[in-house]
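Each chain is listed here by its residues.
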Amino acid sequence: MKFSAIVTALLVIGCISAQAQDVQVAVAANFSAPMQKIAAAFEKETGHKVALSFGATGKFYAQIHNGAPFAVLLAADQETPARLVREGLGVAGTQFTYATGQLVLWSAQSGVVDSQGAVLANLASGQRNAKLAVADARLAPYGAAAQQVLAQRGLSESLKPFLVTGENIGQAHQFVKTGNALMGFVALSQVMVDGRIDSGSAWLVPASLHAPIRQDGVLLKNAENQPAAKALMQYLRSDTARAVIRAHGYLL
Amino acid sequence: MSDALFTADFAATAWPAIALTLRLAAVTTVLLLLVGTPLAWWLARTPSRWREGAGALVTLPLVLPPSVLGFYMLVLMGPHGPLGQLTQALGWGPLSFTFTGLVMGSIVYSLPFAVQPLRAAFTEMGPRPIEVALTLGASPLNAFVTVALPQARHALLSAAVLSFAHTLGEFGMVLMIGGNIPGQTRVLSTLIYGHVEAMEYAQAHVLAAGMAVFAFVALLALAWLQGRQNSSRS
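Line by line, the protein sequences are chains A and B. Each step along the first sequence adds one to the number in numbering that gives the first Met the number 0, with nothing skipped, and position 6 is 5. Each step along the second sequence adds one to the number in numbering that gives the first Met the number 0, with nothing skipped, and position 78 is 77.
These aren't lab readings, by the way, just hints derived from the structure by calculation. The reader is advised that the hints may include incorrect statements.
What the hints assert, rightly or not - With the Cβ distance kept under 8 Å, some of the chain A side facing chain B (calculated, not the full set):
#1 55
#2 61
#3 95
#4 113
#5 164
Unchecked claim - If you want the footprint, here are the derived chain A segments under chain B, 3+ residues with CB under 8 Å:
#6 133–140
#7 165–178
Every residue, glycine too, gets a C-beta built ideally from N, C-alpha and C.
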């Protein structure tokens, strides 16, 4: 008797929460700050509810493959959404670039990173002994871009002993923020507050030094007929959303 | 994304990670027994009013998520943290992203697994055997080494196996303070995680299955050894 009462209660709670979360969105960790603002504005405007999960794109891929109930994936790359479409888990024709990331070499200390990134060569020539944090190039597009920059400057080999690798760009930022690494390649969106870099020193890496970090979103198969999910995809292209995305250090 | 298994590349990353993981677990286990045994003895014996507090502190890593431990370690070991300032003042440099740092983290992380079985054994033993030895003229250290330790050999074995196995399985903290440097801080668990994230499931499977089997065999061996000792004692 008691047991069935508990089960009933849990079922009721489950139904309520399922109804309250109209759109479940898997969001690349680097896009969490702008997406929270966009989701709040979207909820206010449309009355739909949005539930956001933040994490690594590769993990979301595995979860979606194993039946995770996401309606939309906002990935950190283009490859994962494309792959999901190929495998029939993403809806064909819905993939689009919602933001292009900008890479920045950043130190939590002021006066460490110069505006041309010459500090990298100093590090490589042994004038400084410090750690340089990057995201894993295999896992994170920002990590791959950082490696391209090092290769462009001919520093890939000489800087190897100084590299520490975070599994994602969030961890690379954490290494630098806590001072464990003197500097690191992070996403501009991570260090930008109100349209400017608010602490430490930084070199905004020219986009010509690496392949563009395009982040694509895709509607997922189990939300193919879900109006709220489609509305959110549309909303991400609205002027309101684009202004928020730009203010967080992304290009469009 | 290649699914080709046993490529030169796979072997080149897997073997150093396996060797490093075993080295980390071995060093941690030895140090834990050296630190954990006197600590467990003190916890079992002391009438101090700090005992319960110290006991709870030792048990804390058991219930805290590794992300909490890893985060605090990162902050403590960083250049602004007390530990980081100490090691820098001593001229060792910061501990984050080093093997030594991982060892320190692992000692904290596996401490309860070494201390709990030993503390239980020392408590169960009671003060009597030591008192007898002291009455017979043994020095306190001598009594501890020749009387208390042999009686606690089951617990020592448990502490060693559990510390070793638990350190092998360490993940969240290594991820946070390690920096994934090949040969220094890239252990098996973080390597497997990387394979999974990169969707290299075949490689992940081989290493993950290997670890699961190893852990199972270690625990089975422990149970078997303990069973044998128990039956030989009765």
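Item checked: Restraint satisfaction for residue 164 of chain A [CB to CB of chain B, less than 8 Å] -> Because about 4 Å separates residue 164 of chain A from the closest Cβ in chain B, which is inside the 8 Å limit, the hint holds.
Notebook entry, point to check: Can we keep the residue 95 of chain A interface hint, with Cβ of chain B closer than 8 Å?
Noted result: 23 Å, violated
Check: Are there at least three residues in the stretch 165–178 of chain A whose beta carbon sits under 8 Å from a beta carbon of chain B?
Finding: holds (count 7)
Item checked: Coverage assertion for the stretch 133–140 of chain A with respect to chain B, Cβ distance below 8 Å, three residues required -> holds (count 3)
Item checked: Minimum beta-carbon distance criterion (8 Å), residue 55 of chain A to chain B -> Cβ of residue 55 of chain A sits 6 Å from chain B, so the hint holds.
Check: At a threshold of 8 Å, is the proposed contact between residue 61 of chain A and chain B supported by beta-carbon distances?
Finding: Holds, about 7 Å.
Checklist line | Interface restraint verdict for residue 113 of chain A against chain B (beta-carbon cut-off 8 Å) | finding: For residue 113 of chain A, the interface hint is violated, since the closest Cβ of chain B sits about 21 Å away, which is over 8 Å.
Checked against the numbered hints given earlier, this structure breaks hints 3, 4; the rest are met.
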